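Let the hints inform the model, and build the full structure from the sequences given.
Following our numbering, the numbering of the sequence shown begins with -10 at its first residue and continues without gaps.
I should point out that these hints are in silico values taken from the structure, not numbers from a laboratory.
Note that this is a predicted model, so its numbers are computed, not measured.
Fair warning: there could be bad hints in the mix.
Claimed, not checked - Okay, the calculated beta carbon distance ranges per label pair: (1) T56 / D26: 42 to 52 angstroms; (2) R81 / R(-2): 17 to 27 angstroms; (3) E53 / S116: 17 to 27 angstroms; (4) G67 / I(-3): 47 to 57 angstroms.
As the list claims (entries may be wrong) - Cross-link-like lysine-lysine pairs, in silico, DSSO-like; alpha carbons within 27 angstroms at most: (5) K1 / K21; (6) K21 / K8; (7) K37 / K8; (8) K37 / K21; (9) K1 / K112.
Every residue, glycine too, gets a C-beta built ideally from N, C-alpha and C.
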Amino acid sequence: MKNGSGEIRTFKDLVVWQKAFELAFEIYRVTKSFPSDERYGLTAELRKTARSVPYNIAEGHRRETTTEYIRFLNIGAGSAAELETQLLLAQRLGYFQEETAEQVLFQREEVDRMLNALVRSLKSRRSARS
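And the structure:
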């Protein structure tokens, strides 16, 4: 997905989007083994929330202003926090092994840190231009 030049031409060139996309993919993979009675419950919620993170990064990247971009990144960060709560619940319910839970929670934390760093960077660039 990287374009090789380091230049950001599309949202797919953003490492944070790539990591968020991989996290969403991993959520789909691990929730396949969840109990069938959770299909429209926790499984659906986890998948929806996980999708929301890269969706909002992509949508924000296409917005015309930095303020709008930041707003969508913050929505994505909110979804990442919601995802953590859902993952902790699934872990407590024993829906996946400890090692899997730790790995997915680590991925989520990495995306969250990257989103926060991107927001800080955009805010400081916006302030420097003012």
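Here is what the structure says about each hint:
Restraint check, T56 to D26: a C-beta distance of roughly 43 angstroms satisfies the suggested window 42 to 52 angstroms. As the Cβ distance of R81 to R(-2) is approximately 42 angstroms, the hint placing it in 17 to 27 angstroms is violated. The beta-carbon spacing between E53 and S116, approximately 19 angstroms, falls within the hinted interval of 17 to 27 angstroms. Range check, G67 to I(-3): about 23 angstroms between beta-carbon atoms, so the 47 to 57 angstroms window is missed.
Straight-line distance between C-alpha atoms of K1 and K21 comes to about 26 angstroms, which keeps the hinted pair within the 27 angstroms bound. Taking the CA atoms of K21 and K8, the gap is near 20 angstroms; set against the 27 angstroms cutoff, the hint holds. Proposed proximity of K37 and K8 is supported: the alpha carbons are some 16 angstroms apart, at most 27 angstroms. Distance check on the hinted pair: K37 and K21 sit about 14 angstroms apart at the alpha-carbon level, within 27 angstroms; holds.
Under the criterion of a C-alpha separation no larger than 27 angstroms, the hint pairing K1 with K112 is consistent with the structure, at around 21 angstroms.
The structure fails hints 2 and 4 (numbered hints given earlier, in ascending order).
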